[in-house]
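Peer 1: For the record, the sequence lines run as chains A and B. Per numbering that gives the first Met the number 0: the first sequence = residues 0 to 326. Per numbering that gives the first Met the number 0: the second sequence = residues 0 to 326.
Some hints could be false.
Unchecked claim - Calculated pairs, DSSO-like style, for lysine-lysine (alpha carbon to alpha carbon, straight line, at most 27 Å):
(1) B/Lys110 to A/Lys261
(2) A/Lys261 to A/Lys243
(3) A/Lys317 to A/Lys110
(4) B/Lys253 to A/Lys247
(5) A/Lys182 to B/Lys253
FYI, nobody ran anything at the bench for these hints, they're computed from the structure.
Number of protein chains: 2
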Amino acid sequence: MVKLVIDMSGGDNGVSATIGGVKLFLQDYSDVEFVLVGKKEELKEFENNERCTIIDAQEIAPMECTALEAMRNKETSVYKAVNAVKELNADGVVSAGSTGAFLSLTTLINKRIEGVSRPALILPFPTKQDNKYVVFLDVGASNENSPEELYQFAKMGEAYYRVVFNKENPTLYLMSNGTEEGKGSPVSKEAFKLLKDDKNFKGYIEARAVYEGYADVVAMDGFTGNVFLKGAEGMAKMMSGMIKDAFKSSFVSKIGYLFARKGFKGLSNKMDYKKVGGALLLGVNTIPVKAHGNSDPNSFYCSIRVCYNLAKGDVVNKIKQSLNGAK
Amino acid sequence: MVKLVIDMSGGDNGVSATIGGVKLFLQDYSDVEFVLVGKKEELKEFENNERCTIIDAQEIAPMECTALEAMRNKETSVYKAVNAVKELNADGVVSAGSTGAFLSLTTLINKRIEGVSRPALILPFPTKQDNKYVVFLDVGASNENSPEELYQFAKMGEAYYRVVFNKENPTLYLMSNGTEEGKGSPVSKEAFKLLKDDKNFKGYIEARAVYEGYADVVAMDGFTGNVFLKGAEGMAKMMSGMIKDAFKSSFVSKIGYLFARKGFKGLSNKMDYKKVGGALLLGVNTIPVKAHGNSDPNSFYCSIRVCYNLAKGDVVNKIKQSLNGAK
């Protein structure tokens with residue numbers, strides 16, 4: 000049995016998304032049990048389900064909430080959910096609520112894996128190759144990182160890639176401003192030295208090459224990672240808007256849309272990857288999956304599945320092995 | 000008269016692009032004179048033009064060439080061009096050749112503006128608003144920067160924006176991983192303190208917001224800037240490819256393209272901004288415009304125009320004023 004804790008109250012769409020996602024998941028997977036944290040009056044339909052435990056939490060952490068505020072208010076659904084992971088020895092936790100609150104609580108309550116200096120936020124990203132993802136970390140858990148932390152990010156990403164994409168030897172890269180000698184920030188240059196004897200480490204990669212599909216794991220500091228990721232997402236969003244405008248620009252182009260829409264459906268699905276899955280904090284003693292705030296039942300279901308698969312794949316222990324094995 | 004030096008030999012398309020661009024420019028602008036540096040046998044048609052001076056240079060610097068190599072071989076067109084700026088007291092220089100060679104030579108030969116700690120590569124970028132550009136710097140001249148350098152980047156960007164986009168008080172931002180208190184890298188936090196009393200400084204901006212159009216100048220360190228820019232460009236390229244694939248995906252969608260192509264032409268023009276103009280190194284005692292390596296006569300013409308406009312606008316002195324005025 001896999002035991003997952005679900006923060007039912009976070010997210011922009013309230014319990015409608017989370018309840019729908021949990022119900023679907025209970026139907027599809029028989030080896031999962033849930034700890035559902037939220038307003039108990041909204042969770043009545045799960046009361047008599049023997050695979051569900053309900054924990055009442057009447058408050059919701061605000062989206063923009065500091066780590067300190069998140070720790071202080073012990074009545075929020077996200078606090079009680081993260082705490083339940085520890086108390087009930089669960090395998091993972093999913094929330095669509097405040098990212099800051101969720102990630103800082105998991106770090107403070109569930110603690111870092113021994114030897115991990117800083118946890119990292121990891122996100123799979125689509126590439127030009129169909130169904131081929133590249134994972135980036137850290138995309139925003141830290142404001143700065145040491146070379147040793149970049150080394151750990153690469154190794155944690157390796158463990159993640161093994162579990163999620165079933166590839167024993169994923170290619171590991173360091174994000175850089177060029178691949179020639181002398182390139183790299185001072186921190187990435189030092190990280191390069193730490194990684195250079197690792198058999199899966201392939202060197203520097205430029206940001207324009209990450210979409211090609213040959214890189215599996217790209218490690219970088221959290222500040223650069225966050226700017227990179229949001230910059231790429233913003234560009235994707237701007238271009239999606241321009242595609243819509245292009246089709247709307249004239250009567251004739253509107254007809255064009257009628258003919259071409261099927262092809263464009265695939266494009267929009269591919270770029271909507273974030274709703275399907277969610278970001279994960281690697282390096283703590285649980286599997287905290289941050290579902291998209293704007294999740295609907297289907298995308299929340301996908302976030303639960305990410306957590307479930309990582310729990311089944313024993314990613315926390317794989318990270319421990321990856322970090323110890325290579326040092 | 001504006002005197003511009005042109006490296007005729009750099010670039011993937013050889014002299015065909017540069018000769019075409021120069022000829023067009025001579026037709027359109029009567030107050031410009033050129034110093035053309037390249038193989039003299041290829042530049043015969045300019046021999047008797049009284050607005051053109053020819054400097055023979057038989058060698059071409061390789062695209063991947065280090066600063067040291069660029070300085071050593073004094074027979075290359077790019078070396079002779081950059082040197083001619085100093086010798087002939089020209090107003091600016093345009094090259095489509097090796098970026099590394101061109102930028103390091105201008106820094107080494109033309110020197111930094113007094114008080115400027117590091118030059119920055121600046122690039123205008125399209126936004127969602129029509130004809131509204133945001134400029135980013137540094138996008139790759141440095142591997143790391145100090146808070147003082149980020150301060151200078153913002154102020155140099157301000158001077159550039161005044162000249163190029165004719166806006167007296169452009170909005171200045173620092174790129175960051177969030178806008179809340181406590182966000183920012185250690186370097187950007189310190190830069191924030193240096194900028195906070197500047198009347199045009201508006202604070203941190205996230206990478207996803209830069210395309211909205213409200214920011215005019217976004218300063219960041221050269222490593223982050225390079226990763227950001229190449230990440231955004233790579234994303235734009237991947238999506239352009241996906242648009243093409245979407246139209247090609249079936250016979251019906253091909254018909255869709257016939258109807259919608261006019262709308263998509265605008266999109267592709269907007270995203271092709273890099274060919275139109277070129278990157279500029281700010282902070283040295285000249286105006287070095289790096290034309291796209293793959294320039295054709297029209298885009299090379301545009302690069303010359305960027306250099307011409309910045310010379311007319313006296314950007315070098317404006318930078319001096321901007322840096323002195325605000326300190």
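Peer 1: Now tell me if each hint is right for this structure.
Peer 2: Results of checking the hints against the structure:
About 56 Å separates the Cα atoms of B/Lys110 and A/Lys261, which puts this hinted pair outside 27 Å; it is violated. Straight-line distance between C-alpha atoms of A/Lys261 and A/Lys243 comes to about 14 Å, which keeps the hinted pair within the 27 Å bound. Restraint check for A/Lys317 and A/Lys110: the C-alpha separation of about 17 Å stays at or below 27 Å, so the hint holds. Taken as a hint, the B/Lys253 and A/Lys247 pair is honoured in the structure, with Cα atoms around 18 Å apart against an allowance of 27 Å.
Of the pairs offered as hints, the one joining A/Lys182 and B/Lys253 is violated, with about 43 Å between alpha carbons and a cut-off of 27 Å exceeded.
Comparing the model with each earlier hint shows violations of hints 1 and 5; every other hint is respected.
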